[in-house]
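The chain contents come next:
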Amino acid sequence: MADLKTNIGGLELRNPVMTASGTFGYGLEFEDFVDLSRLGGIVVKGTTLNPREGNPYPRMAETAGGMLNCVGLQNKGVDYFCEQIYPRVKDMDTNVVVNVSGSSVEDYAECARRIGELENIPAIELNISCPNVRQGGMAFGVTAAGAASVVKAVRQAYPKTLIVKLSPNVTDVTEIARAVEAEGADAVSLINTLMGMAIDAERRRKVLSIGTGGLSGPAVKPVALRMVYQVARAVKIPVVGLGGIMTATDAVEFLLAGASAVEIGTANFIDPSVTVKVVEGIEAYLDRHGFRSVKDIIGILD
Amino acid sequence: MKKQILDLRITRAEEVGAQCVLLKAKPVEGRLPVCCPGQFAQLRVDAPDVFLRRPISIHDVEGDEISFLVQMVGEGTQWLGALQAGDTLNAVLPLGHGFTVQTGNEVALLVGGGVGVAPLLYLGKQLKANGIRPVYLLGARTKELLLRLDAFREVGEVFVTTEDGSMGEKGFVTQHSVLGCNENGEMETLPARVMVYTCGPKPMMNAVARLARERNLPCEVSLENRMACGVGACLCCVEETADGHNRCVCTEGPVFDASELKI
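Chains as they are written, first to last, in our numbering: chain C, 10 to 311; chain H, 36 to 298.
If you're looking for bench data, these hints aren't it; they were derived computationally from the structure. These figures come from a predicted structure and were not determined experimentally. The reader is advised that the hints may include incorrect statements.
Unchecked claim - Sample of chain H residues at the chain C side, in silico, Cβ under 10 Å:
| id | residue |
| --- | --- |
| 1 | Val127 |
| 2 | Arg228 |
| 3 | Cys271 |
| 4 | His280 |
Unchecked claim - Facing chain H, a subset of chain C residues (Cβ under 7 Å, in silico):
| id | residue |
| --- | --- |
| 5 | Asp41 |
| 6 | Asp44 |
| 7 | Asn59 |
| 8 | Arg68 |
| 9 | Met69 |
| 10 | Glu71 |
| 11 | Asn78 |
| 12 | Gln83 |
Stated by the list, open to error - Below, computed lysine-lysine pairings styled on DSSO-like, alpha-carbon distance capped at 30 Å:
| id | chain 1 | residue 1 | chain 2 | residue 2 |
| --- | --- | --- | --- | --- |
| 13 | C | Lys85 | C | Lys99 |
| 14 | C | Lys304 | C | Lys169 |
| 15 | H | Lys163 | C | Lys99 |
| 16 | H | Lys237 | H | Lys297 |
| 17 | H | Lys61 | H | Lys163 |
| 18 | C | Lys304 | C | Lys245 |
| 19 | C | Lys85 | H | Lys37 |
| 20 | C | Lys215 | C | Lys161 |
| 21 | H | Lys61 | H | Lys160 |
| 22 | H | Lys178 | H | Lys163 |
| 23 | H | Lys237 | C | Lys215 |
| 24 | H | Lys160 | C | Lys85 |
| 25 | C | Lys85 | H | Lys61 |
| 26 | H | Lys160 | H | Lys178 |
| 27 | H | Lys59 | H | Lys237 |
| 28 | C | Lys286 | H | Lys61 |
| 29 | C | Lys169 | C | Lys99 |
| 30 | H | Lys59 | C | Lys215 |
| 31 | H | Lys205 | H | Lys160 |
| 32 | C | Lys245 | C | Lys14 |
| 33 | H | Lys237 | H | Lys160 |
| 34 | H | Lys37 | C | Lys286 |
| 35 | C | Lys14 | C | Lys169 |
Cβ atoms here follow ideal geometry from the backbone N, Cα and C, with glycine treated the same way.
Using the sequences plus the hints, can you model the full thing?
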């Protein structure tokens, strides 16, 4: 049996399979389907300093090989997380990572500081790449200077593992990755959703309430693989790969491209137990090809 | 109530009305979990151009047999409609917060429109089992779109409206004479205390909920917002409620007290 342990920026994972923010709730929603202790980690829903109602309905459109969403970071804020959710997730036998978002540098830093006080949250994923909020979110993640300013402030406020989630909606993702590495990020995760649009021809209307949304699902996987491959060669910090992973083979492809771990997102909607199947499938792949450790396949493309 | 991912085997697939199919199914292995009226299942569709599961309300449960009433509107539901006895169907169930089976009232009024009648069959059976007499008021555009009237008649008294007058009273459900009042504003046919349940097109549900509010009757509404995950993770299916908050239909609903909604 191959060793599945991996490491992202000081965070030890029992295996490289995590869940993507916004697709797995707080883990509690999936406890009937998945033994959470089998996962490397879960990244819980995007959390902001203040409560957010998100965007109006409709927020979702099914597309070829995927879906668009414009949820817009609906959440009850960091106080609610600390008081109501944390007690329910703190003893989960997996790494619980909080996805942190905001609309100003100060909000990001304060939210991160608050999460940093929670003993059993070993890492945050800084969301500078949400395409569905007008202020903040992706606005920070699409320029190197913007990304650097947020990461610099959060780095000062947050001492534990800091993963920065990158947007694919940029001309050169490696430039952003290098900028956040320079400001002290421990790891990067990519890709967040690709900005898209859906139109209802019969009714001659936009399908989503705000017109645009983030595309996820297998449709985005080739883009995600390419970006993970590029970033893994551009930075020294670990890369977490995500975007359209539906199977263990998809996950292995991300590892080969240079990801030290992966996140599974939209696939949870199709098969709520998919994460465990991916863990088992990676192990079977390593055994079948004679690798003793998952670390032996990370970024080994010629 | 533990949610399960379950392979079902279709025991019967039958065309119902013009665009609908009645699917009956049993677990391939094991037992069907306890399901409440108003809850739904996320059915997996293996058609090439369909990505997400389809949320379908639970139409009936008899022992380990569950049934779904599916209106074929798009590729996903057409794939479901093409299933035959013996085929397998993967379901995640039971999901959502269903109807309140409130004891204390003698009669319950169940108002359905189009394929929205689906969850009202199982609800009527559960009400009846709890000593409450279900009265159905079912509406459709034409008589061809009225679904499973015989099955509903086995559970309770059925009143019908069609918009074209091809069956029952002509007009909308809220115009049916069974809802008529005397000059004092008291309902003549139905008792003064009646619980109202409704599922169907949103304008119909809004009209039913308004009527219930005018007459001070408790009313529950089953929504069918577009969903992705079905388990409260993605927050795509939200409904903005009267208090101005976006609430998750797949977990806090699909059934809501009408007083909580913007109607």
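Results of checking the hints against the structure:
1. Val127: holds, 6 Å
2. Arg228: violated, 34 Å
3. Cys271: holds, 4 Å
4. His280: Status holds, d = 7 Å.
5. Asp41: holds, 4 Å
6. Asp44: violated, 13 Å
7. Asn59: Given a least distance of 14 Å, the restraint on Asn59(C) is violated.
8. Arg68: This hint holds: Arg68(C) lies near chain H, its Cβ roughly 5 Å from the closest one there, short of 7 Å.
9. Met69: holds, 4 Å
10. Glu71: holds, 5 Å
11. Asn78: holds, 6 Å
12. Gln83: holds, 5 Å
13. Lys85(C) - Lys99(C): Judged against 30 Å, a Cα distance of about 18 Å means the pair holds.
14. Lys304(C) - Lys169(C): Given that 30 Å is the threshold and the Cα spacing comes to 23 Å, the pair holds.
15. Lys163(H) - Lys99(C): This hinted pair is violated, its Cα atoms lying about 44 Å apart.
16. Lys237(H) - Lys297(H): Holds - the C-alpha atoms of Lys297(H) and Lys237(H) are around 11 Å apart, at most 30 Å.
17. Lys61(H) - Lys163(H): Measuring from Cα to Cα gives roughly 24 Å; hence the hint holds.
18. Lys304(C) - Lys245(C): Holds, at about 15 Å.
19. Lys85(C) - Lys37(H): Since the Cα atoms of Lys85(C) and Lys37(H) sit roughly 26 Å apart, the hinted pair holds (cutoff 30 Å).
20. Lys215(C) - Lys161(C): violated, 38 Å
21. Lys61(H) - Lys160(H): Holds, because 19 Å separates the two Cα atoms, which is no more than 30 Å.
22. Lys178(H) - Lys163(H): holds, 26 Å
23. Lys237(H) - Lys215(C): holds, 20 Å
24. Lys160(H) - Lys85(C): Distance ~39 Å between Lys160(H) and Lys85(C) Cα, so the pair is violated.
25. Lys85(C) - Lys61(H): Violated - the C-alpha atoms of Lys61(H) and Lys85(C) are around 40 Å apart, more than 30 Å.
26. Lys160(H) - Lys178(H): holds, 24 Å
27. Lys59(H) - Lys237(H): Distance ~27 Å between Lys59(H) and Lys237(H) Cα, so the pair holds.
28. Lys286(C) - Lys61(H): Holds. Lys286(C) to Lys61(H) sits at ~25 Å (cutoff 30 Å).
29. Lys169(C) - Lys99(C): The given pair, whose Cα atoms are some 16 Å apart, holds under the 30 Å limit.
30. Lys59(H) - Lys215(C): Violated: Lys59(H) and Lys215(C) sit about 37 Å apart, past 30 Å.
31. Lys205(H) - Lys160(H): Since the Cα atoms of Lys205(H) and Lys160(H) sit roughly 27 Å apart, the hinted pair holds (cutoff 30 Å).
32. Lys245(C) - Lys14(C): holds, 19 Å
33. Lys237(H) - Lys160(H): Between Lys237(H) and Lys160(H) the Cα gap is close to 24 Å, so the pair holds against 30 Å.
34. Lys37(H) - Lys286(C): Cα-Cα ~20 Å, so holds.
35. Lys14(C) - Lys169(C): holds, 19 Å
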